[in-house]
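Chemist: On the provided structure of chain P, position chain Z as indicated by the hints.
Protein chains: 2
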Amino acid sequence: MQVTLELQAADGAHFVATNAAGNRVEADGSEALGGKDLGMRPMELFLASLGSCSAMDILAILRKQRQPIEGLSVRVAGQRADAVPAVYEAIEVVFTAKGQIDPDKLQQAAALSVEKYCSVISMIRDSVKVTFRTELAG
Amino acid sequence: MQVTLELQAADGAHFVATNAAGNRVEADGSEALGGKDLGMRPMELFLASLGSCSAMDILAILRKQRQPIEGLSVRVAGQRADAVPAVYEAIEVVFTAKGQIDPDKLQQAAALSVEKYCSVISMIRDSVKVTFRTELAG
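Chains P and Z supply the protein sequences, listed in that same order. The first sequence: position 85 = 85 (the working numbering), numbered continuously. The second sequence: position 8 = 8 (the working numbering), numbered continuously.
Pulled out of the complex, with its shape left as it was, chain P reads as follows (with noise of 0.2 Å):
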């Protein structure tokens, strides 16, 4: 896989990056960097590729399980650490799922993602702490 990034203008710190299909995602830098709030940060981008990842794991157990998944909200929350590099110490995942879905096997599909599928988390398991809980709306 690969993604291109490029820089927006010479005094910020926007970036558009592309991928092969021609998505576009954009990522901007604190106001001391001259960000703008153009974009997401950089680790608020990465939240959103751990969140995304592990709904769509997600979305594949509770499918091939037949159970009638009508909706996934995913919150990612991540606490930094007070140094530099300001990597996450711990991460919180909150899937909340509508549809009459028995919830014990959404548990059991958050618990399989989580610990198992998910390639973001696979990746950092062992420097950060990952943690999750499931919930149903009505």
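Source of the hints: derived by calculation from the structure; they are not laboratory data. Among these hints, one or two may not hold up.
Unchecked claim - Footprint (simulated), chain Z over chain P, 3 or more residues, beta carbon under 8 Å: (1) 12-26; (2) 45-56; (3) 76-85.
For clarity, every value in this text was computed on a predicted model and none was experimentally measured. We put the beta carbon where it would ideally sit given N, CA and C, even for glycine.
Modeler: Relative to chain P, chain Z alone:
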């Protein structure tokens, strides 16, 4: 930091991620999961996160050194494992800077970021081999 993601259609795999400032990023899944290329794949988002993270470091370092950086593009390519989880086994980052920049300072800035400052790379250091090179564009 916190990001929330919301599935856009029950039969698809398209998520919109939003940060506290309201910036949006789109992710989509594989065709098998109902994906329609409406956003980057989660593992592409990861490369965008890594590339932007490291690029911010390089901007900060070169500007502090009063190097006249006029442009910066970053190509991030990852080689995934042929297994589940399909983590990256190796990632190569190529930084191409524009301007009358000392090539040694560019190389040093990239090395400092990849080997020390970049938070995303730091979190995967024990599991993924990350290499880099630098170039000056006309």
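Chemist: Which numbered conditions among the earlier hints are violated in the structure presented, ordered from lowest to highest?
Modeler: none
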